[in-house]
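Enquirer: The listed protein sequences derive, respectively, from chains F and X.
Mapping the first sequence onto full-length UniProt numbering, position 50 (from 1) lands on 50, and the numbers just tick up by one.
Mapping the second sequence onto full-length UniProt numbering, position 253 (from 1) lands on 253, and the numbers just tick up by one.
Derived by calculation from the structure, the hints in this document are not laboratory data.
The beta carbon of each residue, even a glycine, is placed where N, CA and C say it ideally should be.
Keep in mind that the hints are not guaranteed to be accurate.
As the list claims (entries may be wrong) - Output of the computed footprint for chain F on chain X, the stretches with three or more beta carbons under 8 Å from beta carbons of chain F:
id : stretch
1  : 33 to 41
2  : 82 to 92
3  : 259 to 268
4  : 281 to 288
Number of protein chains: 2
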Amino acid sequence: MSFLHHIQICNRWPAERFLPLCIAGQRFGWVTQAFAAVLEGFGPPFALTQGAVVFGAELPTAVERTKAFDESLDALVEKAGAQAGHNFRRRGELYPVVRRWGDAPVMLMDRGAVASFGIRSFGVHLNGFVRDKSGLSLWVGKRALDKAVAPGKLDHLVAGGQPFDLSLRENLIKEAGEEASLSPEVAGRAKPVGALNYLTYWENQIRDDVLFVYDLELSAGMEPHPRDGEMQYFELWPLAKVMRCVEETDAFKFNVNLVLIDFFIRHGALDPERPDYLDILSGLHSPLD
Amino acid sequence: MSFLHHIQICNRWPAERFLPLCIAGQRFGWVTQAFAAVLEGFGPPFALTQGAVVFGAELPTAVERTKAFDESLDALVEKAGAQAGHNFRRRGELYPVVRRWGDAPVMLMDRGAVASFGIRSFGVHLNGFVRDKSGLSLWVGKRALDKAVAPGKLDHLVAGGQPFDLSLRENLIKEAGEEASLSPEVAGRAKPVGALNYLTYWENQIRDDVLFVYDLELSAGMEPHPRDGEMQYFELWPLAKVMRCVEETDAFKFNVNLVLIDFFIRHGALDPERPDYLDILSGLHSPLD
């Protein structure tokens, strides 16, 4: 294990295993060869044309595409699981389908399908830290054992996917309340400090993810508490303990490692003289096509 | 002018105008078509082979390559200026020629030739900032009018190219003393906070640059002073004034804009909801080949 190893895990992309997913004449996602065969058999609104999966060729608006996708979803879940090894399920939360951050979505898609269709997804990640005479400490969460993704793994103070109908800041404040019982006033003090991204094929999921990163300095007396059952508990760890845990283990959720490494860099805890420093940095910021 | 415009200026790369420069069987730089013709005419240790400029094919060691290059340099300076429009000159400071940060150099090259041969160069950039009740302020330097690059432009508190024989930290402390009269004790408190890079063709120079970025928090009473004549003076500007100046003008040296934009991002002054946020971030971190 090493810092760079976590970054490499988030940038594994065997391109030959995927076909583009096209909507309204542009690529918006990726689909495995096996899933493409399922979608071809499914028929309209899916078609296989010139090496690409085309969705909704006859559907001219975002509203119609969203509706048609939603109506296909339950049947898709069954076929995808049985025939292509995707165990996705309806999540009841809509994500925007966009090529570029800030664009109007070409449609909305249930969160549960996003990783099977290789749609780019966005999320907010909040580092909660405490500064005292001995240096920095970070709040570390332990994920619940019934989470769909990474059960029992270590996590940030707050993290969440970005639905279509909230701003990043609204989403951060909502998640901070639900996951860590932080008041809107406290969570609202979080500072946006950058973003990182990766494209990876991980446990049969395509993750084309952009993570917006926030830092929140908390006073020593302020303790977060789990509220909605997504976390088991929070602990305050000295920075050196977090760094050792990231460098030597895979105890943190796979992508949380990246946000933490970015924190180590921004707070001066990684030495730029190390020969892998630039590989780590460029691995946190892949080109977005 | 806009934040993104500064980033685009640093990423202009008309690839068809360049040939690779190969040393010891690998590409280490780029050469314009016009300069390649000059080098072909120059003859050994230069040759033009299969669409690449090859340096020192007969020279098996870094020491021999360094010596042969140095012996060719004065003649090269004359021919390059007259025939290919490169006005480089001997600087008397040796830079390492490497493909990858931390590698042993394949040779050393006079700093003055680096931008004509498209060699990757490394530098240190120091943001000096003051935090008080009204927020952040940044120390801004005014470059001397006789600087070879960007005379009279605005600059950081300290910045300097990275020679082969110092560590980044040693170089930063040396430059901070020379340019801003900072003591080693003060400069040594600077925190490494990341790096950014770009590849651009700018005023007949190839800039394949990696900038290692440092932040140094200074107390309100602490004033830097120019020492070696590279700077005319320093002024403390409120962050909003610096941001406006970067966004609306080209008063800062071209690449200093990038380091400042990175500072704005890391300190929460750029809103991630803006649609160009990810373009800005990915423009600060191009892939390093």
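Enquirer: State for each hint whether it applies.
Expert: Results for each hint:
Counting residues of the stretch 33 to 41 of chain X whose CB lies closer than 8 Å to any CB of chain F gives 0, which falls below the minimum of 3, so the coverage claim is violated. Interface restraint, the stretch 82 to 92 of chain X with chain F: violated (0 residues with C-beta to C-beta distance below 8 Å; minimum three). Chain F is given as covering the stretch 259 to 268 of chain X, and this holds because 4 residues of the stretch bring a CB closer than 8 Å to a CB of that chain, at least three being needed. Coverage of the stretch 281 to 288 of chain X by chain F holds [criterion: at least 3 residues with CB-CB distance below 8 Å; count 7].
In the structure shown, a violation is registered for the earlier hints numbered 1, 2, in ascending order.
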